[in-house]
Amino acid sequence: MHIYYFNICKRKLWLFSHNLNFEDENIDVKIGKVIEEESYSSQKKNYMIDNINIDYIKKNKTIHEIKKSNSFEEANIMQIKYYLYILKEYGLDDIKGILEYPKLYIRKEVHLDKNDDIIIEKQIDEIYKIINDKKIPNVIDNKICKKCAYYEYCYV
Amino acid sequence: MKRSYYLFSNGELKRRDNSLIIKNDKTSKYIPVEDVNQIYVFGEISFNSKLTNFLFQNNITVHFFNYYGYYSGSFYPRESLLSGDVHLKQAVSHLNFQKRLLIAKEFIDSASFNISRNLKYYNRKEVNLETQIKDIELLRNKLNKVNSIEELMGIEGNIRKIYYSTWNFFINQNINFHKREKHPPKNWINSLISFINSLIYTTTLTEIYHTHLDPTISFLHSPSERRFSLSLDISEIFKPIIGDRLIFSLLNKNMITHESFIEEFNHIILKDSSKKIILKEFDERLKQTIKHKKLNKKVSYRKLIRLECYKLEKHIIEEKKYEGFKIWW
Chain Z
1 MHIYYFNICK RKLWLFSHNL NFEDENIDVK IGKVIEEESY SSQKKNYMID NINIDYIKKN
61 KTIHEIKKSN SFEEANIMQI KYYLYILKEY GLDDIKGILE YPKLYIRKEV HLDKNDDIII
121 EKQIDEIYKI INDKKIPNVI DNKICKKCAY YEYCYV
Chain Y
1 MKRSYYLFSN GELKRRDNSL IIKNDKTSKY IPVEDVNQIY VFGEISFNSK LTNFLFQNNI
61 TVHFFNYYGY YSGSFYPRES LLSGDVHLKQ AVSHLNFQKR LLIAKEFIDS ASFNISRNLK
121 YYNRKEVNLE TQIKDIELLR NKLNKVNSIE ELMGIEGNIR KIYYSTWNFF INQNINFHKR
181 EKHPPKNWIN SLISFINSLI YTTTLTEIYH THLDPTISFL HSPSERRFSL SLDISEIFKP
241 IIGDRLIFSL LNKNMITHES FIEEFNHIIL KDSSKKIILK EFDERLKQTI KHKKLNKKVS
301 YRKLIRLECY KLEKHIIEEK KYEGFKIWW
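Protein chains in written order, with the UniProt record's numbering: chain Z, 1 to 156; chain Y, 1 to 329.
Hints may contain errors.
[As the list claims (entries may be wrong)] Pairs of lysine-lysine residues, derived as BS3-like cross-links and limited to a Cα-Cα distance of at most 25 angstroms, are as follows:
#1 Y:99 with Z:143
#2 Y:120 with Z:135
#3 Y:280 with Z:10
#4 Y:26 with Z:147
#5 Y:298 with Y:271
#6 Y:134 with Z:143
#7 Z:135 with Z:30
#8 Y:142 with Y:293
#9 Y:297 with Z:147
#10 Y:142 with Y:125
#11 Y:99 with Z:135
#12 Z:146 with Y:99
#13 Z:135 with Y:321
#14 Y:99 with Y:120
#15 Y:291 with Z:10
#16 Y:99 with Z:134
#17 Y:14 with Z:143
#18 Y:50 with Z:10
#19 Y:291 with Z:147
#20 Z:146 with Y:120
#21 Y:14 with Z:135
#22 Z:10 with Z:59
#23 Y:276 with Z:143
#24 Y:89 with Y:161
#25 Y:293 with Y:326
#26 Y:280 with Y:294
#27 Z:129 with Y:314
#28 Y:321 with Y:120
#29 Z:108 with Z:59
#30 Y:298 with Y:105
#31 Y:89 with Y:105
#32 Y:276 with Y:291
#33 Y:314 with Z:10
#34 Y:2 with Z:68
#35 Y:298 with Z:143
#36 Z:147 with Y:287
[What the hints assert, rightly or not] Computed far set for chain Y versus chain Z, every beta-carbon distance over 12 angstroms:
#37 32
#38 76
#39 84
#40 91
The hints are simulated quantities; they were obtained by calculation from the structure and are not laboratory data.
Note that the Cβ used here is the ideal one computed from N, Cα and C, for glycine as well.
Full structure from sequences and hints, please.
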């Protein structure tokens, strides 16, 4: 989740990591949760490995991440890459990631590319810096904010 | 949007599958749980632990009122939004006297601004309230110099005294209202104020529940009052805007009159039918929206209370100085 938020909004990352959560009433978050729960219901779901929570795993060595929409595709991809990175640390390096958008009928393969390790490690470093910073990052003033569960808190 | 449910009838409130059902000899009625934000219980309701667990899962607060219509307590589910950071800093903001005073002042400053705004609305040719408005302004100017919570409360008390003294002038019923009395209210207007203030208090409590703030750590009121005193603090700001304006409208439209009350021993209590009128109007008001300047979108009065909690949170985590809500329209 940290990697995902890092690639969307650093302020959200800070708030989330300080347990300042505003998502319990957000309709988009609720819909996302239902999509994740109701799709691919024949699969066993939610594998916790380390601190990552993989939506589901298939025997042909694929890990699957279910998302409601592709508006944050970059962040979605980074999240899977991070999972692949963690699995690689355990010696599992021939795993494929699949990004699923059941409502859009889209699925997308994700691989850990050559330079991804370096990018991920750099992001992890930065994430720690942000989380440990006493000061909260500024609002990003982006049009994505309007739909965010944290909008009212950030902009009031 | 989720809403409040007000239960007057006697009966049993139960969980039925994934919904709520209220049952008695005559009727049974489903209440969709997704739709419920808080429940007010005025009648005699029985329920079991299966129900309380279900209410807890759905983050629903329940407020209980006794036979006389006085607020007696709330079912407040375990905090689901916990942030150690906010909790610690909220406690520090209380313990550090300067920090506490700063926030407490802001509550009174906003509350009294909103009070004087109400008077300005009624200050017309036929009702001249210039003197009272001026006196309140003079008292408000003293707020900056206070050095203790007691002093602050003293000024607030004086402002309220002036404020209440004006009600006889612009309410077009013979209310004979001179001073605020509680426990028990001897005048029917006092009884009305007590009831409506308890609605603001409980609504605020529900809103606090949906934030990371601890409702027992307050700044203006003393936390040792064994109540959710932060709710009392924040309510101060909204009493003039939501509560008092509701009272003025109910009285001036003759929706509530002396006849709406029954006298019992030394109590003057609202009839159930009157409570229903008030609750309906109160609910309407909470749903009313205004265009919010900062958020650039429409927000309801209820949301304004939530936003007030957010602003306080931001102050507590030292992000942005808290400025209490002052009516801007």
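Hint check:
no., hint, result
1, Y:99 with Z:143, "violated, 35 angstroms"
2, Y:120 with Z:135, "violated, 42 angstroms"
3, Y:280 with Z:10, "violated, 43 angstroms"
4, Y:26 with Z:147, "violated, 45 angstroms"
5, Y:298 with Y:271, "violated, 35 angstroms"
6, Y:134 with Z:143, "violated, 45 angstroms"
7, Z:135 with Z:30, "violated, 30 angstroms"
8, Y:142 with Y:293, "violated, 29 angstroms"
9, Y:297 with Z:147, "holds, 12 angstroms"
10, Y:142 with Y:125, "violated, 29 angstroms"
11, Y:99 with Z:135, "holds, 19 angstroms"
12, Z:146 with Y:99, "violated, 33 angstroms"
13, Z:135 with Y:321, "holds, 14 angstroms"
14, Y:99 with Y:120, "violated, 32 angstroms"
15, Y:291 with Z:10, "violated, 28 angstroms"
16, Y:99 with Z:134, "holds, 19 angstroms"
17, Y:14 with Z:143, "violated, 44 angstroms"
18, Y:50 with Z:10, "violated, 41 angstroms"
19, Y:291 with Z:147, "holds, 17 angstroms"
20, Z:146 with Y:120, "violated, 36 angstroms"
21, Y:14 with Z:135, "violated, 47 angstroms"
22, Z:10 with Z:59, "violated, 35 angstroms"
23, Y:276 with Z:143, "violated, 43 angstroms"
24, Y:89 with Y:161, "violated, 35 angstroms"
25, Y:293 with Y:326, "holds, 12 angstroms"
26, Y:280 with Y:294, "violated, 30 angstroms"
27, Z:129 with Y:314, "holds, 21 angstroms"
28, Y:321 with Y:120, "violated, 28 angstroms"
29, Z:108 with Z:59, "holds, 18 angstroms"
30, Y:298 with Y:105, "violated, 28 angstroms"
31, Y:89 with Y:105, "holds, 19 angstroms"
32, Y:276 with Y:291, "violated, 29 angstroms"
33, Y:314 with Z:10, "holds, 17 angstroms"
34, Y:2 with Z:68, "holds, 24 angstroms"
35, Y:298 with Z:143, "holds, 17 angstroms"
36, Z:147 with Y:287, "holds, 21 angstroms"
37, 32, "holds, 15 angstroms"
38, 76, "holds, 16 angstroms"
39, 84, "violated, 7 angstroms"
40, 91, "holds, 16 angstroms"
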